[in-house]
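Colleague: In order, the protein sequences belong to chains A and B.
Residues in the first sequence are numbered consecutively from 4, following my numbering.
Residues in the second sequence are numbered consecutively from 7, following my numbering.
Quick caveat, the hints were computed from the structure, so don't treat them as lab data.
We put the CB at the ideal spot given by N, CA and C, even for glycine.
The reader is advised that the hints may include incorrect statements.
Unchecked claim - When the alpha-carbon atoms are kept at most 27 Å apart in a straight line, the in silico DSS-like pairs for lysine-lysine are as follows: (1) B/LYS448 - B/LYS515; (2) B/LYS515 - B/LYS476; (3) B/LYS448 - B/LYS476; (4) B/LYS630 - B/LYS594; (5) B/LYS594 - B/LYS634; (6) B/LYS476 - A/LYS703; (7) A/LYS296 - A/LYS117; (8) A/LYS296 - B/LYS301; (9) A/LYS117 - B/LYS301; (10) A/LYS703 - B/LYS448.
As the list claims (entries may be wrong) - Counterexamples of contact, computed for chain A against chain B with all Cβ distances above 12 Å: (11) GLU48; (12) PHE223; (13) ALA299; (14) LEU310; (15) LEU428; (16) GLU527; (17) GLY530.
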Amino acid sequence: MGRSTAFNRSWTGLLVVLAAAQAVHPDDEADTFWHLSLGRVILAERSRVFPEPLALPAFTSPAVEPQWLWDSATYLLFLAGSWQALAAFSALLAGIVAFLCTRLVGCVNPSLRKGSFALVTSLAVASAIARLRLRPEAAGLVFLLTFLLLSFRIAQSSPRRSLAPSIALLAVVVLCAQMHGTFVLAPAVYLCVLGPIVVQELRGHAPHGRHRLLSGAVTFVLLCVALASSAYGLDIAHYISAHSGSDSVQYVQEMRSTTWSAFDPSRFISNPFGVLLAGLWSIGVVGMLVSRKLFASSAALALFGSLVAFDAIRFLAVGAVLSVPLAAEGASVISAALPRHRLWPWTGAVVGSLCVAIGIRVIHLEHGPIGSIGPAQGAHPLGAGRFLRTLGQGGRVLSAYDASGSLGYILAGHSRVYVDGRTPLYFDDTDFGISREVFAHPDALWRAVERFGATAIVVERNRLVCTRPPMGWVPAVVEATFTTFVPANAAPAIRAIAPCGIPYLRKHACDHSADLDSDIARLEALGSSPFVRYLKAERILRCGGNLDELSRLIPSRREARSFLAARDGLEIAWLLRRGDARAAANLVSTAVRGGDPSAVGHIAQAITQDALPPSLARSVLEEGVARLADDTPPDLRAVLALACAADDDATCARFHGLRAAVRGSRQALPVLVWLRDHDPTPRGRADAAAWFDVLAAETKRGQAEPPPALSSSPTVSSPSPSAWSIPSAAVEPRESSPRAIDADTRQ
Amino acid sequence: MTSKYLRMPRSPTVDRLWTALLVTAATAQTVHPDYEADTFWHMSLGRAVLSEHRRVIPEPLALPAFISPAVVPEWLWDVITYGLFRAGSWPALSVFSALLAGFVAFLCVRLVHAVRPDLSLGAHLLVTGTAVASVISRLRLRPEAAGFAFLLAFLLLSHRIARAAPQRRLLPGLALAASVTLCAQVHGTFVLAPAVYLAVAGPTLISDARARIGLRLHASILAGVFVALTTSAYGLRIGSYISAHAHGDAVRYVGDMVSTGWNGLDPTEFLRDPFGTFLLIFWLLGISGMLVSRKLSTSSLTLAILGAFLAFDAIRFVTVGALLAIPLATEGAAALSSLLPTARVMHGLAAVTSVGFLVVAIHSVGLTHGPFGTIGPAEGIHPLAAARLLGSLPPGGRILSVYVSGGALGYHLAGHSRIYVDGRTPLYFDNTDFAISREVFKHPDALARAIDRFGATALVMERDRRVCGKVPGGWVAAVVESKHTTFVPEGRAPALSAIAPCGLDYFAKNACENVNALDTDIARLEALGSTPFVRYLKAERILRCGGALDQVAPLIPSRRDARQFMSARDGAEIAYLLRRGDVASAAKVVETAVGDDPSVVGYIAHAVSQDALPPSRARALLQKAIDKLADDAPPDLRAVLALTCAAEQDADCARFHGLRAAARGSRQSMPVLVWLRDHDPTPRGRADAAAWFAVLAAEIKREQAASLPTSASSAAPAAQPPPPSPAPLGSADPPESVP
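Next up, chain A with everything else stripped away, as it sits in the complex:
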C-alpha cells in the first residue's frame, strides 16, 4: 500500500508546523548575542578577519569568524524586525529541516508505506528538534540534509546526469562553509553514499562503472577543495581539532563526549534524543537482520553518524540525520515482513507523533515557554549591561562565561568583556582554563582583577566567588541569576538586597525598608522585569504593604524560571496568609515534582496546625521527603511521622519518628509517645520508649544548659490517637525553613 500525495503533503505539513512552532521560544543562548555582535562588526569591517571587538584589551589576536554569513544575516534581521524577525527565521529553518527530513526518507525509499514513512520521518524530526534553535547549527542541519539529498540524487542518476547535482553539491558546501562547521562532513557524506555503489558497479562490471568512478573522484576532490573556502582557509584541520580534542571541550556542556547514559530509555520522557537516535539505528539493524542484507551506503552513513554522535552531545542530532537513510531502508523491510493491517499506518503515525510531542515538551521545559520570544528571563544580565553603559567608557568587565555574550552585544565596545562562548573558536584552552580558575577561587578572582585592570565583575550569584569580591568592591546590580560588582566609588551599593546565595533579601532587610525600596527602585530603573516584580511582592509580604497588590506582582511560573524556588516560596506564603492551604499544598506538590523538595518546608508549619487534611498533608510531605531521602531535616521527618501517626500507620511513624529522634528533633517526642503506646510489636514499643527517655534526658540537661539539639523549642504532649494534638511550633517559620533544609542538604 503506497503513500498518496495527499498523505505525504499533510504529514509533511504537520511535521513542518510542529518543528517550526517549537522553535518559537525565548532565547536563552548567550551565543546569539555574540553572533549578533560579530555580525555588526563584519558589516562594518567588510571582512571575515577583524580586530577583536568585544574582549578585554589583553586579548590582542584578531578574530576570525567562519560563521560570518549567519552572523550578518541574524544581525540584519534583528535590526529589521528585532526578536520577532529572529524567531521567524528560526522557525523557518526548523520547518525546512523537517521538510528536508521527509524528502530524504522519500528519496531513499520512495515506496515506503505510510506507517513506516510516518514513523521514520517523525523520529528524524524529533531527533533534530534538540538543536533546532536560533543557532548556526540549525542552518548546518539544513545543509547536511541537502548534502545527503544531493549525494543520493547523484548516486541514483546515471553518471551523465550527475553533473548538475554535483555542481549544486559543491555550491552548497561553499555556502555552508560561510555559515557553520557542518561543511567539513560533506566529503565523508559523499563518500559514504557513493563509495559502496561505485564498488558494487565495478565489481559487477556495470557499463558505466568506470565513468562513475571518475566523475565521483573528481567531485570528491572538488569537495575537498571547497572546504578551503571557509574563513579558516587551509587551516581547517586546526579548526576541527580545536573542536574535538582540546581541554575546553571537556568543560563546555554540549561539547562533552556523549556517554552511554544519553541512550537511557528510562529517561526517555526527560531526555529522549539519544533514545530516538538508538531507535533509528535499531530500525535499520532489524531491517538488515530480517532481510539478511547489508544496506551498504546507509550503514556507512549511520556508522559515520554514530562516530560523530559519540564525539559530542551536540552532535546527537547530526548522528540522527545521518542514520535516517538506514532507518528508512530498515523500516521498508520490516513493514514488508509484517502482516498487512490497516492499523499499522496509524500505529506508525501515533508513535511518531508521540516522539515529536515528547521532544517538543523537553524543549518547552528546557528552553520554553514555547510561544514567548525575546531574551529568556533572567538568563542574560541585561540590567548589568544597561548599568555598565551608564559608567565611563573604556570599562573592563570581568564577566562570567554565560554573561559575556549579552554584555558584549549591549556594551558594543563601550566596555570590554571577558571569556565568552567563542571558546575554543577565539578563546583558547588557556584562556578558558584561567577563567574557570578565576570564577572558582576568590584569590584567583582578585588576581585577575589586578591582571586585567577590571572595573566591574559580573558573576552568577550562586558561585563561591560571589561572596568574596575584592575588598572595596560593592554590588551595584542584582538580577535573578547574575550580580554586578564595581569599586565602591564607581556606583552606589545595593544594600538590602542580597547579592549572593539563595535568598534575595538580606536577613534584616525589613529593618532598613527605605534602603530596600531604594534598591528595588534602582533595579526597576534598569528594566521592569518579572524579577523586580517578585522583589516588590517579597518586600510587601515580608516588610508590610498592600497585600492586594501581591496577586498582580507575583510573576507567573513561566516568567520566573530562573528564580522559581523563591517565587514559589513567595506564592505559598501568600496563599497561606490568605488561608488557602489547599492551593498552597498543590503548589508545593508542583514544586517538589519540578525538582525542588525544599518547597515542602514552606508548608510544614501549616500542616502542624491542622490546616490541611491529614491524607493531603501526608502525601505532600512524603513527596518531599522521598526526594530528600537521607538529607531530610529531622524536624520535617517528625512532622511527617506525626501525619503518619494521625493515619494510624505505625510503620511509617516509627520509620520517620525514630529517625527524627536520633537526630535530636524535639518534634519527635509526641510520635515517640504514640509509638510507645500503639506500636503493634513489643520491640517497637520498647524502642520508642527508650528513644523518648534519651530525648527527655537531653531536654532536662538542656534546661540546665543550652541544648546542642538542632530543632526548635520542645513541645511535649501526651496525645491519644483519637484526639491527636500536633504541636504548634513544629518547624521553623516559613522564611527560614527552606534555608534550613538547604543547609542540611549541604551537610
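Given the coordinates of chain A, assemble chain B onto it according to the supplied hints.
Modeller: Okay, now just chain B, sitting in the frame of chain A:
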C-alpha cells in the same frame, strides 16, 4: 537448521576439553581472600542453629534492644559453612567455594547443550564461554553461588520434563520438587522455581492441554513445586520475604540491592565491570537470532524477560538475568551461525572471544576481590584486631559497630559482646533499624544519642567517616586498623596517643616528638595481630622518626597485601626509594599508582623540580596525574608540570599550566612566566606572561611590606588576603634564569 555447517556434530573431546577449561577458570577465580562481612554472620547463625537445633532462634548477635527472634532461612548454608570452617578453616571454605563455582560452570554448559544439542562448535564456545564469564561476578563464598546451581538445575529439569514423553516426566518432576525443597533451605532462589517451570514447560503444557494428555502430572509437578516453596524457614509468609528484598527503604542503600540502572549495562566500562555487557550480549544474540530466523522462541523469550525484570530490580540479580537469558542466547546463536561462513576460523574466533570474556571477567573479580591465590579474611577489611581487643574486655559489652564490621565482630565475639546493625538487612534488621544506623554513623549528635540509647561500651567505625573525628568526649581510640578504628570509654582500655584514629594520615601530627608513645602504640597493635598494616606502621615510623633505614624494605608490605592502605603504603615506598636516591624506582611506583591515586605524584614533585628525572619521564608522570585531577590540580603541581613543558620547549603546555598556576598564586610558576615572556611564539602569549608575572611580583612585594591590601568586601564575612601558595617545591624566589 539445514546448513551443512550446523549438521556437523561437535567433537566430544573438544566439548570435554572446553567444559574442563570453563570449570577450571570458574574454580580458580574463587581462590581469593574473603571480603564479605556476610560470611561471618552466616557462620555465626550456623553455630546458633546447630546449638538450638531450630531455624528460628533467639537473636544471637545484636544488641539487647533487638529482642525479636531471628529467622534463618539459609540455615543449611550457614551450618555447612560453619561446619567446614570448624573442620578445615579457610582452606576448607575455599575448596567448597571452588567446587560450587566449578559445578555452576559445568551446569551452564549442560544447559546450553540441553537447549540446542545440535549447536555448532563456534556458537557453543561463544555461548558457554559468555555464560560462565557472566556468572563469575557472583561466584563467591555466598549462598547465592549455591542458588545459581539450583537455578540451573531448575532450568535443566524443566527442560527435561518439557522434552520427555508424558510417561517419563515423573522422575524429573520429583527431582525438581526435591531440588526446590533443598534450595529453600539454602538460598532465596527457590522462589523462582514455579516461574521457571511454567516458562520452560509452558508450550508443552499448552500442547498437552490441547491433546488432553499428561495434565494431571503437570498439575502434580506444579503443586509439588508450590508445596516445596513453603518448606523454607518463612513457611507460608514467603510473600513478606520477597517484598522485603524487593522494596523498602533499605534496598536503596545496600550496594548490591540497588536497582540496576542503565549505566549498569555500559559497554564502555567493559574492562572494569563487564557483567552488564554480557547480559546485553545475550539479549542481542537472542533477539538477532529471532529476527534472522523470523521465529519467536516463546519459552526462551519468557525466561529472558523474567531475567530482565530481575536484572533491573537489583545489581546482584544481573547474573540471574544472564542465566535466565542463556536459552534465548543459545537459540539466537544457533540461528545466526547458519548465516555465517563455515570456515574453521569462525570456531577460533568464537573461542578467542569467549576466552577474552573470561579473562576480562576474572580480571574484574581480581580488581574487586583479589589478589588471587590468597585465602582467608581479606586484609584490612574486617576489624579482627578490634574483635580481639573487645574479646579481652569483660563480657556483656555493647558495641555500636558500622554495618560492614558487624559480621566479623559478631562471629569472633560470639555473644561475649553484642553488636549493632549488620548485613542481615532487611533479613533481620528492618528499614527503620538500618536508617537509624545510617543517621548514627553520619551525624555526630546522633552518634552521641545512640551511645546513650543503647548503653554502648565500644564504637567500631571506618576511619574516613566524619563522625570518626567527632566521637563524644571521654572516649578514646583503643585500636587503629587500616580501615576501622575502635573507641572505648576512657579507662576501659589504654588509649593510642601517637597513631591517628581518623583521616588519611595514620600518624598523629607530632607523633615523632614522643617516639616512645608511638612505639608503645605499634607494639600494642602488633599484640593484637602481626598484620601487613602493622609492618607498614613500623616502616613509616622509621622513615618519619628515624631508625635503621635498612629495615624499611622488608617491612613495607607488598601492594597486594596493602589494598586497604595503598596510598599510604605507596607514599612510604616512594619516600624510602627517594631517601636511598633511587629516583627511577620511585618514579616507577608513582607510575603504577597514579592511575588510581593521582595524589601520589605529589611525593615525587620535589624530585622532579630538582631535575632528578629526565624531563620527558617527569612530564609524562605529571601529565597523567593532572589529567586525572583536571580542574582540581593543585597550582604548585601545575607549575612543576609547566616547568617540565618549558624544559621541553612546549610553549602551549607551559602557558596552559603556568598561567593557571599563576592565577592561583603559585610562586612556582614565576620561572615559567619568565620563560614564556621570552619564548612564547605569539606576542599575545609573551605579553600575557609578563602581565601575570607583574601581578605575582607585586603580590610578593606587598607581602614583604607585610601589608594586607587585598581583602574581601563588606559583603564578605571575613577579609582574607590572597593566600600564598603552599610550601614551594623548589625555590620561592623569582629566578632570573630560564628553567
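Colleague: If a hint holds in the structure, say so; if it doesn't, say that too.
Modeller: For each hint, the structure was consulted:
1. Restraint check for B/LYS448 and B/LYS515: the C-alpha separation of about 25 Å stays at or below 27 Å, so the hint holds.
2. For a cut-off of 27 Å, the pair hint linking B/LYS515 to B/LYS476 stands: about 17 Å separates their Cα positions.
3. Under the criterion of a C-alpha separation no larger than 27 Å, the hint pairing B/LYS448 with B/LYS476 is consistent with the structure, at around 10 Å.
4. A C-alpha spacing of about 13 Å is found between B/LYS630 and B/LYS594, which places the hinted pair at or below 27 Å, so the restraint holds.
5. Taken as a hint, the B/LYS594 and B/LYS634 pair is honoured in the structure, with Cα atoms around 18 Å apart against an allowance of 27 Å.
6. With a CA separation close to 23 Å, the supplied pair B/LYS476 and A/LYS703 stays within the 27 Å bound.
7. Between A/LYS296 and A/LYS117 the CA atoms are separated by roughly 23 Å; this keeps the pair inside 27 Å, and the hint holds.
8. Between A/LYS296 and B/LYS301 the CA atoms are separated by roughly 18 Å; this keeps the pair inside 27 Å, and the hint holds.
9. Between the alpha carbons of A/LYS117 and B/LYS301 the distance comes to roughly 26 Å, so the proposed pair stays at or under 27 Å and holds.
10. With a C-alpha separation of about 25 Å, the suggested pair A/LYS703 and B/LYS448 falls inside the 27 Å cut-off, and the hint holds.
11. The beta carbon of A/GLU48 sits about 20 Å from the closest Cβ of chain B, which is more than 12 Å, so the claim that it is off the interface holds.
12. At roughly 33 Å from the closest C-beta of chain B, the C-beta of A/PHE223 stays outside 12 Å, upholding its exclusion from the interface.
13. The claim that A/ALA299 is not at the interface with chain B holds, since no C-beta of that chain comes within 12 Å of its own (minimum 17 Å).
14. Here A/LEU310 stays apart from chain B, with its beta-carbon at least about 14 Å from theirs, past the 12 Å limit.
15. Residue-level check passed: A/LEU428 sits 16 Å from the nearest beta carbon of chain B, beyond 12 Å.
16. No Cβ of chain B comes within 12 Å of the Cβ of A/GLU527; the nearest lies about 22 Å off, and the non-interface call holds.
17. Even its closest Cβ contact with chain B, about 23 Å, leaves A/GLY530 beyond 12 Å, as expected for a residue assigned away from the interface.
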